[in-house]
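S.K.: Single-letter residue listing:
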Amino acid sequence: MTQMPQDVRNAIQDVMVEYAYAVDALSDIDNLLNLFTDDAQVDMTAIGLPMMYGRGDIKKFFDTVFETMSHHFHFMSNYRPESWDGTVGAMTSYVIGMGRANDGNTVTVQVKYRMECLEQDGTWKCRHYTITPMMPLPGSLTEIHGEA
Amino acid sequence: MARCDMPREVFTALSDLMADYTYAVDNRRSGEDVAVLFTDDAVIDFSDVAFPRMEGKDEILAFYNGLVENMAWEFHMPANVRSDSWDGEVGAITAYVIGMGRPKQGDGVEVQVRYRMECVQQGDAWKCRHFSLKAMMPVG
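These protein sequence lines map, in sequence, to chains A and B. Going by numbering that gives the first Met the number 0, the first residue of the first sequence is number 0, and it counts up by one from there. Going by numbering that gives the first Met the number 0, the first residue of the second sequence is number 0, and it counts up by one from there.
Just so you know, the hints here were simulated from the structure itself, not pulled from any lab data. There's no promise every hint is true.
Which chain A residues stay away from chain B? Per the calculated CB distances, all over 10 Å, these [as the list claims (entries may be wrong)]:
(1) A19
(2) Y20
(3) V64
(4) H70
(5) R79
(6) T86
(7) T91
(8) D120
(9) P132
(10) M134
(11) L140
In silico SDA-like links for lysine to any residue, alpha-carbon gap of 25 Å or less [what the hints assert, rightly or not]:
(12) B/K133 x A/N104
(13) A/K124 x B/K56
(14) B/K133 x A/T105
(15) A/K111 x A/W83
(16) A/K124 x B/D4
(17) B/K133 x A/H71
(18) B/K133 x A/G47
(19) B/K126 x B/P102
(20) A/K59 x A/N30
(21) A/K59 x A/P49
(22) A/K111 x A/I130
(23) A/K58 x B/M136
(24) B/K133 x A/E66
(25) A/K58 x A/G47
(26) B/K103 x B/E88
(27) B/K103 x B/E8
(28) B/K133 x A/V22
(29) B/K133 x A/Q109
(30) A/K58 x A/K111
(31) A/K124 x B/E88
Sample of chain A residues with no beta-carbon within 10 Å of chain B, all distances over it, derived [to be verified]:
(32) E17
(33) D29
(34) G47
(35) R54
(36) D56
(37) D62
(38) T63
(39) P80
(40) R99
Beta carbons are placed, not taken as given, at the ideal position from N, Cα and C, and that holds for glycine.
Please put together the full structure from these sequences, using the hints given.
M.R.: So this is what it looks like as structure tokens:
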């Protein structure tokens, strides 16, 4: 690939960090949705969760997550540029994700995020987001977040 | 970093200060190694995780000397570092931290928390003037 410029790398890494803060706040769904393009695709099927097409699907999924969870903690490291074509950039990162549901059930996963991002009106947004498991998934993940 | 117009070099300096803090706590050498990273009138507020609120260097020094005396192992790993505010003189950053510790006697502890450090430049060095923790997962 063409080497990803440092400012693009910083911008995409910022989107990933903002995503963690937005998901873990468990409130303000618009703050989370604003990180995605209107037609963004979110593919969580590899961890047994839904495939989402567009902000409507993303909102529906995370509205339920925010209602269901009392605590969230998504800890990111190992940021790495994956591709850059001059307009669209993709980066990956390792994530330890923890959560506690309102009913006391808990979940911890070790996964890899991939976010494909582009700049729209001066703001970097994610247009494709996938999660890949890196360690076996606990049963509590689908107990808490449901089947795909 | 995002969220505010903090210059990149300030963000880097504050991130370095946070890393220095974890190294100073985790090496368990001396409370002074930690206290030197704070202003003389700094406030540390750990009340969200049922630890003390400290005001001023003497209280800070006493707390961290206590950790040096009582802890056998410490491990604090920050991630998700983000700029929080910048007014041209005072900057604040936040980060997620996995913290682990094992006392010389008793059971170990692991926490998932968020740090917020508000910092100012004094001479050539950046120092923390307000440091708080927020629990992100249930503690204890």
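S.K.: Now tell me, hint by hint, if it's right for this structure.
M.R.: Status of each hint after checking the structure:
Under the 10 Å C-beta cut-off, the non-interface status given to A/A19 relative to chain B is violated; the minimum distance is some 5 Å. Residue-level check failed: A/Y20 sits 7 Å from the nearest beta carbon of chain B, not beyond 10 Å. No Cβ of chain B approaches the Cβ of A/V64 within 10 Å, the least distance being about 15 Å, so the stated non-interface status holds. Not every CB of chain B lies more than 10 Å from the CB of A/H70, the least distance being 5 Å, so the non-interface label is violated.
Every C-beta of chain B lies more than 10 Å from that of A/R79, the closest at about 14 Å, which supports listing it as non-interface. Here A/T86 stays apart from chain B, with its beta-carbon at least about 21 Å from theirs, past the 10 Å limit. With a closest Cβ-Cβ approach of about 15 Å to chain B, A/T91 is found to remain outside the 10 Å limit, as its non-interface label requires. Once the 10 Å rule is applied to beta carbons, A/D120 is consistent with being away from chain B; the minimum gap is 16 Å.
Chain B leaves A/P132 outside its interface by the beta-carbon criterion, the shortest separation being 19 Å against a cut-off of 10 Å. With a cut of 10 Å on Cβ distances, A/M134 stays outside the contact zone with chain B, its closest approach being about 16 Å. Against the 10 Å criterion, A/L140 stays outside the reach of chain B, whose nearest CB is about 16 Å from its own CB. Straight-line distance between C-alpha atoms of B/K133 and A/N104 comes to about 21 Å, which keeps the hinted pair within the 25 Å bound.
Between A/K124 and B/K56 the alpha-carbon distance is near 43 Å, which puts this suggested pair outside the 25 Å criterion. Distance check on the hinted pair: B/K133 and A/T105 sit about 19 Å apart at the alpha-carbon level, within 25 Å; holds. With a CA separation close to 19 Å, the supplied pair A/K111 and A/W83 stays within the 25 Å bound. A distance of roughly 19 Å separates the Cα atoms of A/K124 and B/D4; the hinted pair therefore holds under the 25 Å criterion.
Proximity of B/K133 to A/H71 is assessed by CA-CA distance (about 12 Å); at most 25 Å being required, the pair is judged to hold. Taking the CA atoms of B/K133 and A/G47, the gap is near 31 Å; set against the 25 Å cutoff, the hint is violated. Restraint check: the Cα-Cα separation between B/K126 and B/P102 comes to about 28 Å, which exceeds 25 Å; the hinted pair is violated. For the given pair, A/K59 sits about 14 Å from A/N30 by alpha-carbon distance, which is consistent with the 25 Å threshold.
Restraint check for A/K59 and A/P49: satisfied, since their Cα atoms lie roughly 11 Å apart, inside the 25 Å limit. A threshold of 25 Å between alpha carbons decides the hint, and for A/K111 with A/I130 the separation of about 6 Å falls inside it, so the pair holds. For a cut-off of 25 Å, the pair hint linking A/K58 to B/M136 stands: about 24 Å separates their Cα positions. Proposed proximity of B/K133 and A/E66 is supported: the alpha carbons are some 21 Å apart, at most 25 Å.
The straight-line distance between the Cα atoms of A/K58 and A/G47 is roughly 18 Å, inside the 25 Å bound, and the hint therefore holds. Among the hinted pairs, B/K103 with B/E88 is inconsistent with the structure: their alpha-carbon atoms are about 41 Å apart, more than 25 Å. Between B/K103 and B/E8, the direct Cα distance comes to roughly 39 Å. Violation of the 25 Å bound is thereby established for this hinted pair. Between B/K133 and A/V22 the CA atoms are separated by roughly 16 Å; this keeps the pair inside 25 Å, and the hint holds.
Using a Cα cut-off of 25 Å, the hinted pair B/K133 and A/Q109 holds, with the two alpha carbons roughly 23 Å apart. A distance of roughly 22 Å separates the Cα atoms of A/K58 and A/K111; the hinted pair therefore holds under the 25 Å criterion. A hinted pair counts as satisfied when its Cα atoms are at most 25 Å apart, and A/K124 with B/E88 does not qualify at roughly 30 Å. At the 10 Å boundary, the C-beta of A/E17 falls inside the reach of chain B, the nearest C-beta of that chain being 6 Å off.
Non-interface status of A/D29 relative to chain B is upheld: no Cβ of that chain comes within 10 Å, the nearest being about 16 Å off. For A/G47, the requirement that its beta carbon stay farther than 10 Å from each beta carbon of chain B is met, with the minimum near 22 Å. A cut-off of 10 Å between C-beta atoms confirms that A/R54 is not in contact with chain B; the least separation is 20 Å. With a least beta-carbon separation of about 25 Å from chain B, A/D56 lies farther than 10 Å from that chain, consistent with its non-interface assignment.
At the 10 Å boundary, the C-beta of A/D62 stays outside the reach of chain B, the nearest C-beta of that chain being 21 Å off. In this structure A/T63 is separated from chain B by more than 10 Å, as the shortest Cβ-Cβ distance comes to about 20 Å. With a minimum CB-CB distance of about 17 Å to chain B, A/P80 clears the 10 Å threshold, and the non-interface call stands. The beta carbon of A/R99 is not kept farther than 10 Å from every beta carbon of chain B, the shortest such distance being approximately 6 Å.
When the structure is compared with the earlier hints, violations turn up for hints 1, 2, 4, 13, 18, 19, 26, 27, 31, 32, 40 and for no others.
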